[in-house]
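Chains A and B, in that order, give the protein sequences.
Note that UniProt numbering has the first sequence beginning at 1, numbered continuously upward.
Note that UniProt numbering has the second sequence beginning at 1, numbered continuously upward.
Keep in mind the hints are simulated off the structure, nothing from the lab.
Among the hints, a few may not be true.
[Claimed, not checked] Just a sample of chain B residues kept apart from chain A, beta carbon distances all over 10 Å, derived:
1) Ala85
2) Gln210
3) Val275
4) Glu288
5) Phe315
[To be verified] Covered stretches of chain A, as calculated for chain B (at least 3 residues, CB under 8 Å):
6) 208-217
7) 333-341
[Unchecked claim] Partial selection, computed: residues in chain B whose CB lies under 10 Å from chain A:
8) Glu59
9) Ile142
10) Thr144
11) Asp175
12) Ile176
13) Lys285
Glycine residues also receive a C-beta, built at the ideal position from the N, C-alpha and C atoms.
Spelled out from the first residue to the last, the chains are:
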Amino acid sequence: MKYKLGTLAVAGLMAASPVMADLVFPSLSYRTGPYAAGGIPFADGYADYFTLLNERDGGIGGETIRVPECETAYNTEKGVECYESTKGEGALVYQPLSTGITYQLIPKVTADDIPMLTSGLGRTSAKNGNVFSHVFNFPANYWDGASVAIKHIMEQEGGSLEGKKIALVYHNSAYGKEPIRTLQELSEKHGFELKEVPVDHPGQEQKSQWLQIRRDKPDYVIMYGWGVMNQVAVQEAANIRFPMDKFIGIWWSGSENDVLSAGAKADGYKALTFHNVGSDYPLYDDLKKHVIDTGKTAGAGDQVGTVLYNRGIYAAMLVAEAARTAQEIHGVTDITGGQMRDGMEQLEITEEKMAALGLPDFGPEFSVSCDNHGGEGFVAVTQWDAEAKEWNLVSDFMQSDQDVIQPLIDEDSKAYADENAIEGNC
Amino acid sequence: MPEQLAFTIEVFMNGLMAGVLYALVALGFVLIYKASGIFNYAQGVMALFAALTLVGIMEGQVPFSHLINAILGTEVHHFGWHVPAFLAIVLTMVVMIVLAYCVQRFVFRYLVGQEPIILFMATIGLAYFLEGVGDLMWGSEIKTLDVGLPQGINVWIDEFTFDATGYGFFIDNLDIVASIVAAILVIGLVMFAQYTKQGRAMRAVADDHQAALSVGVSLNFIWILVWSLAGFVALVAGIMWGAKSGVQFSLSLIALKALPVLMLGGFTSIPGAIVGGLIIGVGEKLFEFLIGAPFLGGATENWFAYMLALVFLVFRPQGLFGEKIIERV
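Starting from the given sequences, assemble the full structure and let the hints guide the process.
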């Protein structure tokens, strides 16, 4: 009897204590709800990359990787619950893929000594690592996107935007409003007129907004949308015959989901990106061999090579390389959240490194430091080919206007530091 | 014609068209509420489910394919055929009738005589259940719905108004089609209710369940009929809205657009849904154009629709066309 009780007690303890010998990268995914179409490919890509590392390389530095998935349905409260329920498993980094969840997690991850990566989303001023010690947003942020969109338009217009009119169609939320300040500064600098056109959630009905655009006749439209807002906007733009090559979406408005429903009329629509498109990379051969053909994909395997799947792959690659860096710095393979943070802060992504990983030219080169958690802000432009049903990169990775953006980041992060009595980490 | 006046007329006309689309969603709510006193929270999800089923049938998609493949280790996704739009609509309607039967047989039959709040809660459960089943059956990716409806600017109106006023009005062809369909739908529903035996039975049930039962009207049959009709209206709404944005899970949120219409038009009147839709459509679009965008920063339509409905409620709590409830002590 004592033996049985002892066995039960040991079994209970084993079940209750977290599995310690893995590298744990929780995935706060959304595979259900109105934004599932965007959440699924990202979550698939994120999980498949780690599966590949486990299957092909035996993990990172000999440590296997575990990706516990928690469904948020793109709901901020559920996202926080997911964070609380998974952090005890030895979580090393979070990537919430939601600006709302990001804002809620900033103080939590800082207190729990777990880093958070918010590539292309979240609080832009988190780039200032001196204030936001545990938040990273490399390789690019919303303001980089706004700046590069203007840079691209300037190129199209022969170098001057004097007297031009640019409309910003944005999701009427904290996310959608992010680029306004930057665009206002840029409009003063370059002499163009900025028209702000908000669209309320979810954005299923946008007739008023596009009638306004038809009346105002802007030369270009920039869009910061997500979910159904994107598809409706592309359709309405086509309906009023707005030239698609003068319609530029942020990276959250530039996936196959956003253009397919408009059919041929979406041809020429442009979107920004901080990573490359397509699946013509050596890494995808390995993915096919070790993950897809063996039936180990996270989803149905039907998202491979799409824009958001690639973003999931890219996000996982950045995290994996940061973990590798952390292992090198600290001389241990079984790293902690704090050590992972150090790895992220010393991450350097070079073309040589990406080529070695099987992803040549997949993203911009960048380096992270204590002061700079956001990289150098390189962004490229893609364009939709409706006939081939594919996105193509139509520009090089261009650096955003740091003269405009850096002061805004300093100002916003200083306000946060004052509010939260943060003295500085660097 | 002064430019501002031309813009205002254009906004007014587009408001009418938008109102018709809102009314299409509201109609489904009215049908069920009128016949059974149930506020069907699942109406938006029914539109989504109907549109998902329509696209799935048209594209020859194997229902529950992800589930089947996961369990059996197979790789089946498509039957390999494409079904013409008309036939697919008919088949989808069959699915909606089966759904109506199941809803009545497995849910509401056991809730007869319960408080309205219990019935309402049951429809919330139904909404989540249907959303999950829709996801399992057809997947959650965005689907393109092409049943051959015209979309884009109506060139004739554009040119005609340009010649007449110096400014070409924008009217979407899809909105024109939606208006015609809505008109046919309303006329059809009214004729059905007035001139058919089942329609009269439906009205009798709506009037008094007990009295209808006492003269031999089958409550079960009428409620299946009403849920089927609501399913048909949901299918029409799903087609119209799905053609604009693709069929995706946010389609269920169109129900939010119907609520102010119901508050304004009344929960029990089919013409009320149409008139309410038109008032909300025109009201929110004109407010956005004349006040919202120039003075309040825009994006006023969502809250203005509810505010307008609330103002009406102050003066007519039962809505414009709703039945006045008189309770004697």
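Minimum beta-carbon distance criterion (10 Å), Lys285(B) to chain A: 6 Å, holds
Non-interface label on Phe315(B), tested against every C-beta of chain A at 10 Å: Correct as stated: the minimum Cβ-Cβ distance to chain A is 27 Å, above 10 Å.
Stated coverage of the stretch 208-217 of chain A by chain B [criterion: 3+ residues, CB within 8 Å]: holds (count 6)
Status of the stated non-contact between Gln210(B) and chain A (beta carbon gap over 10 Å): 41 Å, holds
Least C-beta distance from Ala85(B) to chain A larger than 10 Å: Given that every Cβ of chain A is farther than 10 Å from that of Ala85(B), nearest at about 15 Å, it holds.
Exclusion check [Val275(B) not at the chain A interface, CB over 10 Å]: Nearest chain A Cβ is 19 Å from Val275(B), so the label holds.
Evaluation of the interface hint that places Ile176(B) against chain A, nearest CB under 10 Å: Violated - the Cβ of Ile176(B) stays beyond 10 Å from chain A, reaching only about 12 Å at its closest.
Coverage claim, chain B over the stretch 333-341 of chain A, checked by counting residues with Cβ within 8 Å (three needed): violated (count 0)
Asp175(B) as an interface hint toward chain A, with CB separation required under 10 Å: 8 Å, holds
Cut-off 10 Å, beta-carbon criterion: hint that Ile142(B) touches chain A: 5 Å, holds
Closest C-beta approach of Thr144(B) to chain A relative to 10 Å, hint status: This hint holds: Thr144(B) lies near chain A, its Cβ roughly 5 Å from the closest one there, short of 10 Å.
Status of Glu288(B), Cβ more than 10 Å from any chain A Cβ: The claim is violated: Glu288(B) sits with its nearest Cβ about 5 Å from chain A, within 10 Å.
In the structure shown, a violation is registered for the earlier hints numbered 4, 7, 8, 12, in ascending order.
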